[in-house]
Every structure is written in structure tokens, then in C-alpha cells.
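**Student:** Okay, here's what each chain looks like letter by letter:
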Amino acid sequence: MSLPVPPLLTYTVRRVVQAIPIIILIMIGSFLLIKLAPGDTVDALVGDMGGADPAFIARLRAEYGLDESVMVQLWRYMLKLAQFDFGWSYVYEQPVITVLMSRIGNTMLLMASSLAMAFTFGVALGAIAARRAYSWTDNMISTLGLVFYAMPSFFLSLLLILIFSVKLGWLPVGGIRTIGAFKTGWADVADVARHLVMPTAALSLIYLAFYMRLMRTSVLEVMDLDFVRTARAKGAGGARLMFHHVMRNALLPVVTLLGLQFSTVLGGSVIVETIFSLPGIGQLAYTSVVKRDLNTLMGIIAISSIIVVIVNVVTDLVYAWLDPRIELK
Amino acid sequence: MQGMMGRLLLLGGALCVVAAAAQAEEVKRGGTAVIHMVSEQGVLNPALRASTGVYQISGKFMEPLIDKTYDGYVGVLATEWSSSADGKAITFKLREGVKWHDGKPFTCDDVAFTAMNLWKKLLNYSTTLQANLEAVDCPTPYTAVFKYSKPMPLELLVAAMPDLGHPVPKHLYEGTDILKNPYNQKPVGTGPFKFVEYKRGEYIIAERNKDYWRGKQYPYLDRVIWRFIPDKAAAAAALEAGEIHESGFNGISMEDMVRLSKDPRFDVGSKGFENNVAHSTVEFNLRNPILADIRVRQAIYHALDIDFALKTIMRGYGKPGRGPIPSTAGANYTDNVPTYAYDLDKAKALLDEAGYKPDANGTRFKLKHRPAPWGEYTQLWGEYYAQALKKIGIAVELVTNDAPGFLNGVYRDHDFDTANGWHQFRADPAVSTTVWLRSGAPVGTAWSNQFGYKSDKMDGLIDAAAAELDPAKRAGLYHQVQKLEMTDLPVIFAIEHPFLAITSKKLKNHHNTPRWDSSSWYDLWLDQ
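Going line by line, the protein sequences match chains A and B.
Residue 12 is where the first sequence starts when you use the numbering used here, and the numbers rise one by one after that.
Residue -13 is where the second sequence starts when you use the numbering used here, and the numbers rise one by one after that.
Don't take each hint at face value.
Said to hold, decoys possible - Straight-line alpha carbon distances no greater than 25 Å define the calculated DSS-like cross-link-like pairs of lysine-lysine that follow:
{"id": "1", "chain 1": "B", "residue 1": "Lys185", "chain 2": "A", "residue 2": "Lys194"}
{"id": "2", "chain 1": "B", "residue 1": "Lys492", "chain 2": "B", "residue 2": "Lys440"}
{"id": "3", "chain 1": "B", "residue 1": "Lys334", "chain 2": "A", "residue 2": "Lys91"}
{"id": "4", "chain 1": "B", "residue 1": "Lys352", "chain 2": "A", "residue 2": "Lys178"}
{"id": "5", "chain 1": "A", "residue 1": "Lys194", "chain 2": "B", "residue 2": "Lys172"}
{"id": "6", "chain 1": "B", "residue 1": "Lys196", "chain 2": "B", "residue 2": "Lys166"}
{"id": "7", "chain 1": "B", "residue 1": "Lys166", "chain 2": "A", "residue 2": "Lys178"}
{"id": "8", "chain 1": "B", "residue 1": "Lys106", "chain 2": "B", "residue 2": "Lys185"}
{"id": "9", "chain 1": "B", "residue 1": "Lys305", "chain 2": "B", "residue 2": "Lys343"}
{"id": "10", "chain 1": "B", "residue 1": "Lys133", "chain 2": "B", "residue 2": "Lys166"}
{"id": "11", "chain 1": "B", "residue 1": "Lys492", "chain 2": "A", "residue 2": "Lys178"}
{"id": "12", "chain 1": "B", "residue 1": "Lys494", "chain 2": "B", "residue 2": "Lys74"}
{"id": "13", "chain 1": "B", "residue 1": "Lys106", "chain 2": "B", "residue 2": "Lys74"}
{"id": "14", "chain 1": "B", "residue 1": "Lys491", "chain 2": "B", "residue 2": "Lys248"}
These are calculated hints, taken from the structure and not from any lab test.
Could you build all of it, start to finish, from the sequences and the hints given here?
**Tutor:** Following this line, the structure appears as C-alpha cells:
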């Protein structure tokens, strides 16, 4: 007698197994791509130090294993990776996994709060705009969305800093906590939240605009469908019609976009984290490229690709839950 | 009556003096100074990494044998120094009663261990400086004798010590893999502040050393915090919002620097950077037959309007260069050198004479130029260079790269016609300057002569100066180096500029030494 395996589980396991060769390919491709950039971490280090003598440079290269051929380096790296060893960061002088783990929480926090805000407000505003299509409210929401959409995040970030930190003095310029304040418990949570207000706003507004426009179109489309007319004929009014019949169906394309955009938010966090000096993965990626910190960069790519794969699987699952007609095979 | 008046006046005068003195010395203790850093530092050990980015932080924990002040070189961990007549033995008397942060005493053993294992073997620039160091003897616990196989000018060693003379505690380093030693990231020194925490990507915290050797009253501050803010615009905003007190080494953009210099809350200036002077350069690849012609190089120098660049790019903070040695170098500097005034007609005439006539479009020849990515100065100076040369009929193609790309392109692959970057002067010409002109540097060594310049006369002068013990004769040789360089022009050391800092006026006693950002800040205090 064999235990019945739930289809959800088989689906998930199959998707994860399929992802492994993809991740390996990503890793090999990224490694070679980074190697194509002129110069290595020793050059960057020496540039930072304002120069060094040849003996010093040769010793560092040997120490970091950079005196081997690219293929040997790649082979060594992949062997280590197979044992889940991300190697050593010569810029931070720590194991890469330590560097990554200390950062990933902040990035996840920023991404979760930004996407949650973008999704909630985007969907709500989009639905309202569609409900009052072509009215004064709709025009206002749509124009605002266009402004958010057109505003580059680096500009928006600096604008926010100028207004809320420099002029008004309400919010801190950057960082994740007030340094040296050593707050604990709820005071610490409140402190972190205060530091995240501007980065979250800067990162989320552009996506908010996306979701809003998509939701508006989607709701408008669904509202014209037969089943909505039927529901209305049955006497379903205002709120029930909107939430139960229209929005649930209109959400499908928005959820698709949400899953797809998870990776672009990860990209957008590079700029926002750098400007707000938030110690996250995005800022780490930026400094790692500048310093040619290969191991750290590869670690970031590995973690990011794993996250993106997971999110894609979750998106598919949510999809099936929203629309029972979709089967997971 | 008159006597009484006189006495009263005298008393009043005396009181005034006392009051004035009290006001000048009314130091407030306590508080936290928050300092901006642009980039992270992986290694916080100045005996492993000679770099201002490292000193800015580690200088508060670890002290050198000798530091440089506006009154000259003063002892920190050393109290006296002298040389034997043949220059092969240099003796340092060490300060007694100094303790490492972990309570162990600082002695000659620490100096000998650091010199032989770190300064001679591992520290950039120092490995060249100390190449002939054979041993360090400790006849008493507080006497260190440096033995050299070839004469070492005392003046050179003393000048190098503020940057390249930080001892590490032997008891924490002996028998370990020095490069991987955990104390490279949590330094233990003798300085006024103790290391507390390094949170990567965020901050480093230092707290007051209650047991500091200069006396219980020092340091005045309770804490120093360095915040890492990579974005220069955000750093300027943090200054304005009062979140940070100081940003050194041009940590914010020139635009913000000029704007905030008009703000009464800040001091902006180059004071405190006299020891960190750099030149904005134009480097020639003499392997290119066009540039091998001295007349072409002279023409290019004549085509550069240095005053214009100084005003627009450096906003007046700097002066025209006079060869490889900057005016802050003391006796080793001379301004008695050939110069090349801004003169377009002369430049064109020189190019005509060299045989490079303009074609129908007015172009004489093309150059591939690599500007260094060392920030605003070098980027804008590279762009100005391209514009300036257009006026005399030289078309310049700019090839922009990040740091590793630039260093490889110029110094390893020699894939450039001209390049611009900067030369940083480090207290004595023998430390990091003469390698720009001496032939025979291995290919790939950044900031060395990779220009294809070879002059037996120049090599001879450099070698003679490096071994000359008499300071006056040594200075004479360096004057000749400067003159010869300005005649041969393998490199144009166009503009000499110190770095700039912006400091909140709440900080007192700031920038009061010529290498202030790298120094220990034992007398810094916060008025709040």
C-alpha cells in the first residue's frame, strides 16, 4: 500500500529539481561574465590603497588563487559550491556566507514592505479608479500613477531625503538603525521602521503605479464579462460584486506581474540601498562589482536565483488557488 | 590713589587673562563624533595596508612611532631617534609605561616583531622602504636598533614613520597566520580609543580608552563612530541633517562642498591634509612615436590652461604643479624649474615644427586617452584635457573604465596614448614618487613608471638620493630630479591639490595636524 502523495507536493518537488540545472548554468555563466570584466579584486584593492609594490601584488594574487587560469578557478569554485561553501570574501575578510546572512534580512524586509505596499495600494487604487472610470477621481489617480512611474528611484530617493530629513528633520537620512542608540524590543522595531519609511516609499512607488494601471485595466475588462452581468442580475450589489466577483478574477494578471517583478525589485534595491546606505544585498552587490569581489558577487547571484526560483513556484501555487480552473501538473 | 588704581588695573588685567585662558581651555568632555566614510575597509591594520582609508579608522586605535605635526615630527611611541655615522644603524628610544588595550606593556619586542614580519614583508610601500633591513635589536626593552645592510637616510625613515611605522602587539600576532589574524579586523593598539564593533556595511564603533598614556584627561570624546555612506549626495544630506560631523578626503561632491562652505554650521577646507597632497597628472606613453617627440609633450603642456582648471574643477583649492615633488615637501622642493605657460600659439608652433600639420578638418593626430576613475577631480580633469587639446588640433578619444580596468589598461597592458590620474605624495620622494620616473619597474605595477621613459641620468639621480645621508645634499639631488623631470616631461604633474574636508563647527580642535584624519584625535572634543 502506497501513501497517496498530494499533487501539490509532487508539483513543488518537481519544480525545485528542475531549477537545479538552471542555477548551475546561471552560476557558470555569471562566473565567466565577471571574469570578462577587466581587472580583478587585487587591482581594485591596490587602487583603493593608492598603490603597492609588485611583490605585495603578486603575494596577494597567489593568496587569493587568482594566479591560476580561469577554468581552474571556475572548477575550484563549482566544487566548493557543490559542498555549499561560498568561499571567502577578500574585501570583507569574512566567509561569504556570513556576509550574505548579515545582509539578507534587511533586503527581504525592504522588499517585503515595498511589494506589500505597492500591491495593496496599487490594487486598491486601481480598483477605485476602474469603478469610477473616466471621472475626476480616476484622472487624478491615473495622473499620479504616471508621475510615480516616470520618476527614477534615485531621484525620488534624494528628493525624499531633501524634504523629510534635511528640511523637515522628521526621518533619518539612511542606515537601518540609529547607530549607538542600542535600542531593544519594541523601541528597536520602531527605530527600524522609521529608517525604512523612505526606502520603502522610494522602491515601491514605481511598482505601485504598475499594479494600479494593470488592476484598473483588468477590472474594467472583467466588469464587462457575462458572469458579472449575471451576478448583478441576481442582485449582488456594490461591495460583494466588486470583491467576490470582479476583483478575484481581475487579480490574476496582477499576481503574474508580482511574481515576475520580484526579480526586478531585487535589482531596484541596488540603487535604493546604496543611496540610503542600507546594509542589504543590493548595496553589497554594488560594492562587490566595484571591488571585483568575485566570491561575494557569486554568492549574491546564487542566493538571488534561489529566491527567484522559489518565488516563481509560489506564484504558480497562488495562481491555482485564485483560479481553481488552473491545474498544477 | 594712583597706586591703588594701578593695582586695580593690574588685577583686572590679570583676571582678564585668566578668564581668556579659561575660555580657550574650556573643553567639554564626552559625546560621540560621527564620521563619514565612503567605502568599507576589510583590513583595519595599518601595518598590513598603507592606505588613508585604513588610517582614518585605525589611527584612533593604533599609533605610529612618530607622527607629523605643524611643528615637525614628534615622537608618539618613540621619544628619540638617531643614526650611526654610516647610516646602517638607526636607534629609537621607545616610550615607557605605554600599555596595549589588553593591558600588556608595549616594548621593543613588539617593534622588532612588527618591523621584521609586517613592515619588511607584508606592508605595501614599506617592503621597498625596508628592503635592506636586516634585523631589529633590543638592547633594552625600550631601545630598538634598526640594522640596515645599506645606508638608510634617517630623514627618509622618520618621514615615512607616520604612515609606515605602526607596531602591532607581538603577543597577539606571533605564531599566527598574520594575514588571517582576527585582530586585523578588531585592532588592539595603544591609542586613545578602543575598538568595540565593526558592523559590515553600517558602522564601526570606538570607545574611550580610560588608560591612555597621555593622561587621564585624554581623550575628550566618549566615542567615535564611522558611518559607511557610499552615496555622496546622501552623505551631504546627512551632514546637513546633523547626523554626521565630518567627511574627509573629498567625501562629498564639489558642488555640495562649495554650497555648504557658505553654511555657517560648517568648516570647509584643505587644512589638515598637507601630508596628503596629490597631483592631477597627464601621463604619456612614450612608446607612441608621436609622443616620444619632446616638442609634442611640450605643446600639450602649453595647451593646458591650468588656472582655468584650478578655478572650475578644484574650485580654487590647489596650485599649479612644479614637477613630481609638491610644495609641501619642505627642503626637498624647489620651484626653480622650467615651466610651460598657457600659450596656444606656441603650442601650435611646436606641433608644426615637429611635423604634425593640421589636415582639412584641422586635426593633426588622434590620441587614445584613459581618464582614471578616482572621483570628480580626475574625471573632470580628463574631460578638460580632451577639450583643451582639441584647440590645438589634437583629437582625443576618451576611454572610460572603473578602477581595475584603468589600472590594467595603463599599467599592465600599456594600451593608451595618454592617461590622467593622480600621484599621491607620501612625506618623502623616496616612498612613492621616484618610482614614477625610475626605469625598470616590473610591468603591471600601478603608479610606477610604465610610460616607457628611460633616462640614465634620472636613474642615477634617484639612486644617489636614496642612499644620501646628508639632508642638504639629498635635497639638492631631489631638486635636480625635479628639474630634469620638468625638462624631459615623461609625465605632466599639472596641478597640486590637497584633499578637502567638511567639518561641523561643533567639533573643536579639528584638522590641527597635517595628517589629521589619519591621526589619533586624542584632543578632539565636541561642543554640544
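**Student:** Each hint: holds or not?
**Tutor:** For each hint, the structure was consulted:
Only pairs whose Cα atoms come within 25 Å are accepted, and Lys185/B paired with Lys194/A is accepted, the gap being roughly 16 Å. Note on Lys492/B and Lys440/B: the hinted pairing is violated, with a Cα-Cα distance of about 52 Å set against a maximum of 25 Å. Restraint check: the Cα-Cα separation between Lys334/B and Lys91/A comes to about 61 Å, which exceeds 25 Å; the hinted pair is violated. Of the pairs offered as hints, the one joining Lys352/B and Lys178/A is violated, with about 50 Å between alpha carbons and a cut-off of 25 Å exceeded.
The suggested pairing of Lys194/A with Lys172/B holds, with an alpha-carbon distance near 23 Å, which does not exceed 25 Å. Proximity of Lys196/B to Lys166/B is assessed by CA-CA distance (about 29 Å); at most 25 Å being required, the pair is judged violated. For the suggested pair Lys166/B and Lys178/A, the alpha carbons sit about 46 Å apart, so the restraint of at most 25 Å is broken. Annotation: proposed proximity of Lys106/B to Lys185/B is violated, straight-line Cα distance about 31 Å (limit 25 Å).
For the hint pairing Lys305/B with Lys343/B, the CA-to-CA distance comes to about 33 Å; that exceeds 25 Å, so the pair is violated. The hinted pair formed by Lys133/B and Lys166/B fails the criterion: a straight-line CA distance of about 28 Å is larger than 25 Å. Between Lys492/B and Lys178/A, the direct Cα distance comes to roughly 20 Å. Compliance with the 25 Å bound is thereby established for this hinted pair. Taken as a hint, the Lys494/B and Lys74/B pair is broken in the structure, with Cα atoms around 43 Å apart against an allowance of 25 Å.
Among the hinted pairs, Lys106/B with Lys74/B is consistent with the structure: their alpha-carbon atoms are about 16 Å apart, no more than 25 Å. Proposed proximity of Lys491/B and Lys248/B is supported: the alpha carbons are some 13 Å apart, at most 25 Å.
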